[in-house]
Amino acid sequence: MKPIKKVLTAFAVVAVLAALPAAAADFTTYVALGDSLTAGYSQGGLEEYYQEHSYPAIIAKQAGSPVFEQPLVSAPGIPPLLMLQHLVPSPVLVPSAAVPGQPINATYPAPYNNLGVPGATLYDMLFTTGNIQNLLAGHFDNVMHDLILRDGQHTALEQAIALNPTFVSVWIGNNDVLSAATAATPIEGVTMTPVANFKQMYETALGALATNTNADIMVINIPDVTAIPFVTTIKPYITLPDGTHVPLIGSNGPLPEDAYVTLLAAPLLAKGIGIPTALGGTGQPLPEDLQIAGDQVIPGVVLRPEEVQIINDRVAAFNQIIADTAKAVGARLYDVNAYFNRIAAGYKPTVGAIELSTAYLTGGIFGYDGVHPQAIGYGMLAMNMIRWINKTYGMNIPLPNMYDIMTGSPHDQPAPVSAQEAERAFTQQTGDRLLQVFGPRLQQIRHNASGSGHHVDRRVIPESRHQLRKGVQLAPLPPLDN
Amino acid sequence: MSSLNRKQLFAATVVLLLVPALTWGAGFAIFEHGNRAMAMGGAFTAVANDPSAIFWNPAGLAFQDNHGKKFELMAGATFITVSQDFYGEDPYPGSGYFTSQKDQVFYPPHTYFVWHINDKMTLGTGLFTPFGLGTWWPENFAGRFIGKRIDLRTFDLNPNLAIKLSDKVAVSVGVDYYVGQIDLTSGIGAINPFTQKLTDIGQVHMYTDGMGNDDWGWNAGLFVRLPLNWTFGLSYRSEVDLNYDGYGSFSQFATGYPEYDAAVAQLLPFGHRIPMKTEIDFPDMWSVGFAWNGEKWTVSIQYNEQGWSSFNSLDINFPTRPDLSESVKEGYDDVSQYRFGIEYRPNARWAFQAGALYDETPQPAASMSPLLGDGDRTGISLGLSWVHPNWRLDIGDLYLFVDQRATNGQSYDGYDGRYKTTSANLIGASITMSF
Chain A
6 MKPIKKVLTA
16 FAVVAVLAAL
26 PAAAADFTTY
36 VALGDSLTAG
46 YSQGGLEEYY
56 QEHSYPAIIA
66 KQAGSPVFEQ
76 PLVSAPGIPP
86 LLMLQHLVPS
96 PVLVPSAAVP
106 GQPINATYPA
116 PYNNLGVPGA
126 TLYDMLFTTG
136 NIQNLLAGHF
146 DNVMHDLILR
156 DGQHTALEQA
166 IALNPTFVSV
176 WIGNNDVLSA
186 ATAATPIEGV
196 TMTPVANFKQ
206 MYETALGALA
216 TNTNADIMVI
226 NIPDVTAIPF
236 VTTIKPYITL
246 PDGTHVPLIG
256 SNGPLPEDAY
266 VTLLAAPLLA
276 KGIGIPTALG
286 GTGQPLPEDL
296 QIAGDQVIPG
306 VVLRPEEVQI
316 INDRVAAFNQ
326 IIADTAKAVG
336 ARLYDVNAYF
346 NRIAAGYKPT
356 VGAIELSTAY
366 LTGGIFGYDG
376 VHPQAIGYGM
386 LAMNMIRWIN
396 KTYGMNIPLP
406 NMYDIMTGSP
416 HDQPAPVSAQ
426 EAERAFTQQT
436 GDRLLQVFGP
446 RLQQIRHNAS
456 GSGHHVDRRV
466 IPESRHQLRK
476 GVQLAPLPPL
486 DN
Chain B
113 MSSLNRKQLF
123 AATVVLLLVP
133 ALTWGAGFAI
143 FEHGNRAMAM
153 GGAFTAVAND
163 PSAIFWNPAG
173 LAFQDNHGKK
183 FELMAGATFI
193 TVSQDFYGED
203 PYPGSGYFTS
213 QKDQVFYPPH
223 TYFVWHINDK
233 MTLGTGLFTP
243 FGLGTWWPEN
253 FAGRFIGKRI
263 DLRTFDLNPN
273 LAIKLSDKVA
283 VSVGVDYYVG
293 QIDLTSGIGA
303 INPFTQKLTD
313 IGQVHMYTDG
323 MGNDDWGWNA
333 GLFVRLPLNW
343 TFGLSYRSEV
353 DLNYDGYGSF
363 SQFATGYPEY
373 DAAVAQLLPF
383 GHRIPMKTEI
393 DFPDMWSVGF
403 AWNGEKWTVS
413 IQYNEQGWSS
423 FNSLDINFPT
433 RPDLSESVKE
443 GYDDVSQYRF
453 GIEYRPNARW
463 AFQAGALYDE
473 TPQPAASMSP
483 LLGDGDRTGI
493 SLGLSWVHPN
503 WRLDIGDLYL
513 FVDQRATNGQ
523 SYDGYDGRYK
533 TTSANLIGAS
543 ITMSF
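Heads up: the sequence lines are chains A and B, in that order. Sequence positions in the first sequence follow our numbering and run 6 to 487. Sequence positions in the second sequence follow our numbering and run 113 to 547.
I should point out that these hints are in silico values taken from the structure, not numbers from a laboratory. Check before you lean on any hint, since a few could be wrong.
Within a straight-line C-alpha distance of at most 30 Å, the following computed BS3-like cross-link-like pairs (lysine-lysine) qualify [claimed, not checked]: (1) A:LYS353 <-> B:LYS389; (2) A:LYS396 <-> B:LYS532; (3) B:LYS441 <-> A:LYS396; (4) A:LYS240 <-> B:LYS181.
Whole structure, please, built from the sequences with the hints as guidance.
Here it is as structure tokens:
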């Protein structure tokens, strides 16, 4: 009987262990690392209302984090948010104001809990610093890092470790491939980070977090960057009244039906570029690919299927690295790629009998820039993440109130600019502005391109590990003149 | 083409999806079609000794004591009052959200006419409302895009022939002629591209003109007198697929953004009505019961099974606007009911009834919605009858305790919360005359 008893006891122990809930995550000090998607960037800018609807802010609020500080910016935002001036006959989006908003939390005497830096690549998260003095002096070259990292000394990763977090989310890498989609041209080392570099940097970043903090780490992978309205909204053809399709003209010839035309083509199409002369266009081709001529960097506006394939392969390669690295350091992976693909494939999240979709302007998920969610989309994302957290860590964090997010009083719309200033949507001005912040960061592309891509390699410095020792303290923030 | 058209050309390359979803769905059975049967908890299949037997078991008509009269007429109504509260859950409409249905009274009528043709044959015809639904929420409540108000009525005109095969056994067969009407109003919401928020852009009123929608079913019954004063009843009423032809009438609400209103007006048929078709598969029902009938007492037990799994989806079709059509998942389950009733007759003038019932809801939690948030029901009933040689008056009351039930985050509509029926009472009177 004894052996049987032992076996039974062993079984009982195993059963008890299996029945134990996963250890709950501790949101006392939650730090979010990432880029614009983490910062709550929306409608082409960083602004308080949308920052308060960023997924980290919602998660922190729902999880009851006592403190969750963000680099808030007053209306109309930095840069001023876009607004929809006209819907018909075609949408006209314009900056809502000429003068940007102001940082309203710049003297907070510790690193922000939301360290998402719009435009940041994985490299930036590891190595780029920012100094608020530049911003106050009116220099906007590195505005987002200056606004968010402030002290001129410590990177986002270092500031995250300095906060001694109990929970960290990391959603980085989007900008390591997004430029290939927004500039409609995948170029190794220019619009896409090479896989080997990504792997090295990603392992460094997660390794530093795992070594230097006791936090539970939530890792978020990269969504399909070719399924965003910025890419999918404009068809590569014009539909005639009888239903036949006339292809738009690109610099490499007529566009196939499965090509994508980005929103940056809108001002060109409005001028007749890309439209056959028979249909009243100029017959001039749309610039399909990124062109670099001296100081001029002109994004392409057409993604052909083979380019989409290259981009998707790169996303898949990055996501494999993200999953493998997460596993190696004991982090948990939230698969936003799968969630977003479901929605892009036609699954419509239904909230209050309203079906949300990825459709531009009217789908509810994405905002005017066509790349970033708006408040409803961020709310949905946060909701899905909280469900995942509850399941993964055996918790019961309440879901956010989507009714308030969906119907809440509309964000105060700043006064429209005069009609004379407005071009057709997306205006050239709008497009340029967006590109500066989230798109291919033109300076960097030019920089990368001038080094034929090798420059990226040199910037990956493995010795960084020793800099990321535990207990990094932020230098005291310099006094700010009001 | 001139450059004037470039705007349109660009517009043609941008597909704006402005059309909102239209959703609705529900099912609701009524079992109270005679106040004496109701007062006995509906345990009437093996009792079946007044004209309302036409609903529960028409075979019983063959054994009814007709006091030497050829005809019986029974008419009455049941007044149903229901109050229901809704407590929201996250994420939509959110915890802390509370609303209540507007109070309504429904009074489904019933009429039965019985002709005892001879000792063997009895013809009985009933008119009653086997299915009905009425919910009405405040105009601006959070679930308005699912349904603000619904009124669904179904009448069954049900002639039966009951035949006494022997002193112990009777059978019946009947046809069911269903007519129905639907009236549903729901809000139309969409994301306003100017505000990027959910906005009311209009409402749709879907309705049938009068009672012009009909279909046929059938029913049958068996009634057996067993030894020792026991009786046995078995009845079946078939499934009926009722096809509705009606209209959808769309009206627009101004959003304060004229360009958006104009765009929406291009996409929805505001200002006039378009044809609408739908179909509801009303479930079949088996009923089996035993009763013991003493000189002063009757005791009855009964089991019912209703085939609600027929109600799997609800398809609303707009033949001229298929883009607005919608198939709503319902996924109902077959359900059972347990009924118990007694009657006490102290003398020839008075009778008193009491009963109890348990009625499972066929509705899965995921399809609970503002149109119907159902729960299992437990009921207790009381009644009295005042009996004269040529007429009688039956008065009954049934109080239902409806289990409160939450969608637990599973709502198909993404409208989660707890439905709590605070009271559901049915009171009614029937008059029966013999001549």
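Here is what the structure says about each hint:
no.	hint	result
1	A:LYS353 <-> B:LYS389	holds, 25 Å
2	A:LYS396 <-> B:LYS532	holds, 29 Å
3	B:LYS441 <-> A:LYS396	holds, 27 Å
4	A:LYS240 <-> B:LYS181	violated, 81 Å
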